[in-house]
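Student: Once you've looked at the hints, dock chain W against the given chain X.
Heads up: the protein sequence lines correspond to chains X and W, in order. Residues in the first sequence are numbered from 1 upward in steps of one, following my numbering. Residues in the second sequence are numbered from 1 upward in steps of one, following my numbering.
No wet-lab data here; the hints were simulated from the structure. If a hint is listed, it holds; no wrong ones were tucked in.
Calculated from the model, a selection of chain X residues having no Cβ within reach of chain W, i.e. all distances over 10 Å:
1) Ala2
2) Tyr13
3) Asp88
4) Glu90
5) Arg102
6) Gln116
7) Ala129
The list that follows gives simulated cross-link-like pairs (lysine to any residue, SDA-like), each with its CA atoms no further than 20 Å apart:
8) W:Lys163 to X:Pro74
9) W:Lys163 to X:Glu78
10) W:Lys163 to X:Arg128
11) X:Lys163 to W:His30
12) W:Lys77 to W:Asp62
13) W:Lys103 to W:Ala133
14) W:Lys163 to X:His30
15) W:Lys163 to X:Arg76
16) W:Lys163 to X:Asn73
17) X:Lys105 to X:Glu125
18) W:Lys77 to W:Gly67
19) W:Lys163 to W:Arg180
20) X:Lys103 to X:Glu42
Here the structure is a predicted model, which means the values were calculated and not measured. Even glycine gets a Cβ: it sits at the ideal position worked out from N, Cα and C.
Number of protein chains: 2
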Amino acid sequence: MAIYIALMHYPVYDRQARVTVTALTTLDIHDVARLARTYGLEGFYVVTPLQSQQTLARRLIDHWVTGRGAEYNPTRKEALSLVRMAEDLEAVLTGIEQEQGRKPKIVATTARRFAQSRSYGEMIELLRAGGDAPYLILLGTGWGLTREVAEGADYVLEPIEGKGYNHLSVRTAAAIILDRLLGGEAR
Amino acid sequence: MAIYIALMHYPVYDRQARVTVTALTTLDIHDVARLARTYGLEGFYVVTPLQSQQTLARRLIDHWVTGRGAEYNPTRKEALSLVRMAEDLEAVLTGIEQEQGRKPKIVATTARRFAQSRSYGEMIELLRAGGDAPYLILLGTGWGLTREVAEGADYVLEPIEGKGYNHLSVRTAAAIILDRLLGGEAR
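Chain X extracted, bound-state conformation (with noise of 0.2 Å):
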């Protein structure tokens, strides 16, 4: 399998449903190039159309991947090193395109139901049907991803259902999405 990660700055919606950029929050860098790194994916894309917001994100990632970080937490340097800025979505496609050969399929993930909706149970079956064909997991920040990326993937991840609360935080989403595809693979 070769599994990708992206999360999304933009097309994504703020708590009036409005579609927005949002701003990063370099914490979820750190936490997903870990979750990236531990679930063995193949790259995390941070994707911003905002030129100041990927300067800064670069400046994070070359301190832990060849600053002073990458010294001081070698570990940290493992998982950053995954990291990488696209501006958009077509940007990340044609990224793995070159390193793969082929587009990904795409898996959205939101806290809502779609057509396109898969069992966490159906995905970990496509994927192994897949054998090496590349997949691309997409996060939303903000209020989560726009209904057109949704119903623009291949496959729509169902929501993770909690006893009637369904508002985590990207981060934490990210990690339970992960070990529940891939958690089997990894242990």
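Tutor: For chain W alone, kept in the frame of chain X given last:
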């Protein structure tokens, strides 16, 4: 099942394996509270011996539970209503005993293995067999719970073994631990 979780800021290790007190991370309080609500826990204890840090945490919690945050984000209020402060583990045990009529069994989580280490499968069976007995899951900040705390626990959960990488944030580790233990119940 009556399950509690505690985020321990003391006694934990620092990067040189010395026993230390770590600073609160407000984001951890939000993330773990949201997880506690998602998985139907009875309560979430934030444990620190530092009075100034307890005051800080109480201000944060009050803002979201009774202050302006409660109106701004009612779902956050629901999650943060589960948070209690305690100065040490003993105070947590006493608090739970007052609510449940008996002290909880302690389940420590660490990145190392101990004689009492249990697999997730074993722990799920123990929780189910325990009926309404209270359990307390301990999370360590910094470089993790001290050996004494782990060895003093009734059970220690096996580490989350990634693909040769075992360096998750406490937030994302908490998400994986709760989903593995209780995700089947919540679904």
